[in-house]
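Novice: Given chain A's structure and the hints, the job is docking chain B onto it.
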Amino acid sequence: MSEATTTTTTTTPGRWRRFRDWYFGHLAAREDGAAIALVRIALGFAVLLLVVPFVATEAGAEIVAFAFCDDDVGGYRGIVGTPGIRFFGGARPEVALGLLTAAAIAAAFMVVGLFGRLPVLVAAVTTHIVFIQNSDVSGGGDALLGNALFLLLLSNCTQTLSLDARLRTGRFIDPTPIAAWPRKLVLVQLAIVYTVTGVQKLVSSAWTPLDGFSALYQILQSPQWARDPDLVVWTGGWLVLPAALLSIVTIVWEVFFFVVLIDRSWRWLFAVTGVAMHIGILVLMEVGAFSWLSMSFYPAMFAPEAAAFFARWARPTGPTPAATPTTTTT
Amino acid sequence: MDPFRPFTRWLQPLLQHPRWPSVRALLIALHLLAVVAVACPAPVRGMNAEAWKRPAVQEELQAWARRATALGHPMTAKEVQDLSWGVQERWLALRKKVVWPFQAWLKAVNAPQGWYMFTGPDRDPQRFVLSFTTTSSSTDELAFELGRPPAHPELIHPDFLDDHRVRRALFQSSWSRNDNTFRLVCGAFGRKLRARRDDIDNVVCRLVARRVEHPYRPREERPDRVVRELILHKDGSTTEHREDSDTKKQKTTKKPAPKTPAGSGGTP
Chain A
1 MSEATTTTTT TTPGRWRRFR DWYFGHLAAR EDGAAIALVR IALGFAVLLL VVPFVATEAG
61 AEIVAFAFCD DDVGGYRGIV GTPGIRFFGG ARPEVALGLL TAAAIAAAFM VVGLFGRLPV
121 LVAAVTTHIV FIQNSDVSGG GDALLGNALF LLLLSNCTQT LSLDARLRTG RFIDPTPIAA
181 WPRKLVLVQL AIVYTVTGVQ KLVSSAWTPL DGFSALYQIL QSPQWARDPD LVVWTGGWLV
241 LPAALLSIVT IVWEVFFFVV LIDRSWRWLF AVTGVAMHIG ILVLMEVGAF SWLSMSFYPA
301 MFAPEAAAFF ARWARPTGPT PAATPTTTTT
Chain B
1001 MDPFRPFTRW LQPLLQHPRW PSVRALLIAL HLLAVVAVAC PAPVRGMNAE AWKRPAVQEE
1061 LQAWARRATA LGHPMTAKEV QDLSWGVQER WLALRKKVVW PFQAWLKAVN APQGWYMFTG
1121 PDRDPQRFVL SFTTTSSSTD ELAFELGRPP AHPELIHPDF LDDHRVRRAL FQSSWSRNDN
1181 TFRLVCGAFG RKLRARRDDI DNVVCRLVAR RVEHPYRPRE ERPDRVVREL ILHKDGSTTE
1241 HREDSDTKKQ KTTKKPAPKT PAGSGGTP
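Read top to bottom, the protein sequences are chains A and B. Okay, so the first sequence: first residue is 1 according to my numbering, each after it adds one. Okay, so the second sequence: first residue is 1001 according to my numbering, each after it adds one.
Next up, chain A with everything else stripped away, as it sits in the complex (with noise of 0.2 Å):
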């Protein structure tokens, strides 16, 4: 019994050597790249509804310039422009449009999967240099993109669904695992928005039973944000039960959305609920790309559907290949 009880201790790691392990072990995986590829091709079509109605609308030059540039050249403010915009030119239209057609030409060859990380470098840099300009006018949305581009800047995303896998390979589909774990840091980073906004919540009553979960019903009469802010007062009343029970939705799934990294049965949930509610935001409110980049995330959460929905089309002809060798799928 003691001899038995002495040989467990000895050979059971260590609580830090059991997570330095795991934590090795995510880092060391290596899976298809379809999901990253798909997150991919999502923001690529994000940053496209982002800027091309910027630079091909007068209404989106006016936009920029009102926006970005300096006051003397239609903007609304004094702005003396960052270094990155000065060595275009400075806080004008043409230097701000110039750079986000070249994010919108990025942005095209994200989604066709062409050179690798050096369009999202291109976008990351253009958008950004643009919309630093002045932080006013920026939000959620823009933080969101830059965070997406980073991350996507760390994945091998072209390896798979790809211009470049064609050109590589002969086919769209290359089944060649990729390292894991950038897709993790876009999950990581999916829940880290959501939880935190909304722990930030509950310091409010009105997402609360204090205040009857009555924060939908008012924020959408907001003349800011809300496509029609009477529409709430039109309806009579009408709208007071739905508004709540969405109000309720709405912080359970935020607050709780960390639960997609504990246990990955709860993914298809939280994904359907929150493409749901994105859906809701973009009919109802003004929030700019935000609920197009929020979803651009969402296929880090899906590594081995994705892997399992592509691979009919991978292995044609020849042999089965081995199943895809993803040694861990959180």
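Everything labelled a hint here was simulated from the structure, so no lab data went into it. Among these hints, one or two may not hold up.
Label pairs and their calculated CB-CB ranges [claimed, not checked]:
| no. | chain 1 | residue 1 | chain 2 | residue 2 | range |
| --- | --- | --- | --- | --- | --- |
| 1 | A | 18 | B | 1180 | 33 to 43 Å |
| 2 | A | 271 | B | 1239 | 33 to 43 Å |
| 3 | B | 1088 | A | 271 | 31 to 41 Å |
| 4 | B | 1162 | A | 14 | 51 to 61 Å |
| 5 | A | 256 | B | 1137 | 31 to 41 Å |
| 6 | B | 1006 | A | 14 | 42 to 52 Å |
| 7 | A | 242 | B | 1067 | 17 to 27 Å |
| 8 | A | 256 | B | 1086 | 26 to 36 Å |
| 9 | A | 21 | B | 1071 | 18 to 28 Å |
| 10 | B | 1142 | A | 269 | 44 to 54 Å |
| 11 | A | 84 | B | 1178 | 34 to 44 Å |
| 12 | A | 256 | B | 1033 | 36 to 46 Å |
Now the stretches of chain A that chain B is said to cover, found in silico as 3 or more residues with beta-carbon under 8 Å [as the list claims (entries may be wrong)]:
| no. | segment |
| --- | --- |
| 13 | 59-67 |
| 14 | 180-192 |
| 15 | 284-290 |
These figures come from a predicted structure and were not determined experimentally. By construction, the Cβ of each residue, glycine as well, lies at the ideal position given by its N, Cα and C atoms.
Specialist: For chain B alone, kept in the frame of chain A given last:
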């Protein structure tokens, strides 16, 4: 087709070094630590004494005071405010000491971590209203009222007003710590109107407050209040009026305000 491949090849000796997995693990751990530390909830932009006087904040304090009292700890809204302000000040001071090296890293890689969206409803929102008079008529003519389609789309394009960057600037007119933002935004709209119509005399910007309808108090009176008004006269002088001050100020516009460094400012 990856232009980084030559760079990656050049890095191969480093990436194949037996210590590289440990170095990478450390770097990723530091990044995660930075993200978590900086993302921790903190009222980074919320410690604004003026903003705390707004009904949106005061009603929150009253709600928490009522709840504390109901739980057997009698408190007034003022006591809740003092307690909350003190705790938050201490938390921010501590946080500042902890997060500064991480913030430098996150700033360098453009991965900011201020996640607060619709933290609470603005129960008394102020909407920006732009109107003007012409040389032929001294009657106020509406150009636009935020939240409604513009009355003169040829002067202010609907897509311009719908854009969230413009809405953010208009939001800052009422919430910004910088009292001058309202004047700057008003001035920009004034320049737009005058560039598109020659006969514009005065440009009038107003912040009009109106309580939102509370779902459980639908019959509450919700009158419009002009909180702030700025008239830009054709001769360059301005007249400003605030709800909290009975006196009207007439002043001639002096030299333009100094340029502000890029990236400055804040969003509640």
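Novice: Please write out, lowest number first, the hints stated earlier that are contradicted by the structure.
Specialist: 1, 2, 5, 9, 11, 12
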